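Sequence positions in the sequence shown follow UniProt numbering and run 1 to 137.
No lab work stands behind these hints, which were simulated from the structure alone.
On a predicted model such as this, the values are computed, not experimentally measured, just so you know.
Zero decoy hints are in this set.
Between beta-carbon pairs, the in silico distance windows are:
{"id": "1", "residue 1": "A6", "residue 2": "G109", "range": "37 to 45 Å"}
{"id": "2", "residue 1": "T135", "residue 2": "E23", "range": "15 to 23 Å"}
{"id": "3", "residue 1": "Y33", "residue 2": "Y122", "range": "21 to 29 Å"}
{"id": "4", "residue 1": "D107", "residue 2": "P1", "range": "32 to 40 Å"}
The beta carbon of each residue, even a glycine, is placed where N, CA and C say it ideally should be.
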Amino acid sequence: PFNANALSRYVELVLVADKTEYEKHGHEVAKLYHRCKDIANIVNALYHPLNIFIALVGVEVWKDEDQVEISTDGDKTLTNFLNYRKVRLIRDHPNDNAQLLTGKQFDAGVVGKALKGPICTYQYSGGVNMDHSDTVG
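Could you build the full structure based on these sequences and the hints that come with them?
Given below as structure tokens:
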């Protein structure tokens, strides 16, 4: 980035949209790519004051079927997604952090789940998020 300096840090982010999210956006991959780009830009703006830059390095859309079981239990879905990231996603799209966007609803009003603190770990740097709004920002 033009305003980076020697102390800047970077996070390579991959966003994954599940089949429900794909269907919710009219089976239009281009719409999902645009939405993911908007999300990454907003996250980048939030981290910019900390001299951290977010780089969207990949978007994966599950068009035919979900690659993991997506449960109404956010913790279970997080465990499944983190395992997928560790075994497959990191190989296909090397990243520092991956986030699953789902159109499914989690129990108890939960809109997202992640483990506390492990963005610097290979195994646990990821999260799951319920896409609960038509607007990004």
